[in-house]
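Novice: Produce the entire structure from the sequences given, and follow the hints as far as they go.
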Amino acid sequence: MEYSAYVLGALFGVSELALSLFKRSKSDASSKDRSSLALIWIVIGVAMFVAFALSRQGPWLPASAVLYPIGIVLTLGGIALRWFAILWLGRWFTVNVAIAADQPVVDTGPYRFVRHPSYTGALAAFLGLGLCIGHWLSLVIIMLPATAVFLWRIHIEEAAMAEAFGPRWSAYAARTRRLLPGIY
1 MEYSAYVLGA
11 LFGVSELALS
21 LFKRSKSDAS
31 SKDRSSLALI
41 WIVIGVAMFV
51 AFALSRQGPW
61 LPASAVLYPI
71 GIVLTLGGIA
81 LRWFAILWLG
91 RWFTVNVAIA
101 ADQPVVDTGP
111 YRFVRHPSYT
121 GALAAFLGLG
131 LCIGHWLSLV
141 IIMLPATAVF
151 LWRIHIEEAA
161 MAEAFGPRWS
171 AYAARTRRLL
181 PGIY
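Numbering (my numbering), first residue to last: 1 to 184.
Derived by calculation from the structure, the hints in this document are not laboratory data.
None of the values given here were measured: they were computed from a predicted structure.
The beta carbon of each residue, even a glycine, is placed where N, CA and C say it ideally should be.
Check before you lean on any hint, since a few could be wrong.
Stated by the list, open to error - Taking CB as the label site, the calculated pair distances span: (1) A174 to V140: 29 to 39 Å; (2) S4 to W41: 21 to 31 Å; (3) A174 to G77: 37 to 47 Å; (4) L151 to V14: 24 to 34 Å; (5) Q57 to R177: 34 to 44 Å; (6) W152 to F93: 25 to 35 Å; (7) P62 to A18: 33 to 43 Å; (8) A174 to Q57: 20 to 30 Å; (9) L76 to A174: 30 to 40 Å; (10) S64 to A100: 17 to 27 Å.
Specialist: See below:
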């Protein structure tokens, strides 16, 4: 593994830390987080620590010379998609699950294709990091917990959206997928 996997991991971590510090909901928003933000940080933090700790040991992924550049593209593309989705939501994006009284159902930009494009981007970035690390168990240790914790968070967010927006959310959810257009 080259050191760029560490650099990519640090870049991703710093961007997530910045989000956590600066994109919390305002006091007028109704919080529905159910401690899912803390769970995300704990689960992903532990998974990343273990994955990078294993990175110095074999067995390596087959064709890692081919998978490494794919991993770089997935990591950077995933981070870019995540930030694009966050910037598209603008003031409506918060790291904790909260809905403002005047918040609309956003169904434009990346949200016209999937309901949670920022999570799609994050998962793509984690997959890319796993490929960059190049160790098969590290890839599994990153992807399984990250996917599980994001699916739990999606469950929480969608329940909050359904409660807040009712039929508008139901109509939007009926025409879009959660993470992958046309698949899931």
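Novice: All hints are to be evaluated individually against the structure, with a verdict given for each.
Specialist: Going down the list of hints, with the structure as the test:
no.	hint	result
1	A174 to V140: 29 to 39 Å	34 Å, holds
2	S4 to W41: 21 to 31 Å	24 Å, holds
3	A174 to G77: 37 to 47 Å	28 Å, violated
4	L151 to V14: 24 to 34 Å	25 Å, holds
5	Q57 to R177: 34 to 44 Å	37 Å, holds
6	W152 to F93: 25 to 35 Å	19 Å, violated
7	P62 to A18: 33 to 43 Å	36 Å, holds
8	A174 to Q57: 20 to 30 Å	47 Å, violated
9	L76 to A174: 30 to 40 Å	33 Å, holds
10	S64 to A100: 17 to 27 Å	46 Å, violated
Hints 3, 6, 8, 10, counting from the list given before, are not met by this structure.
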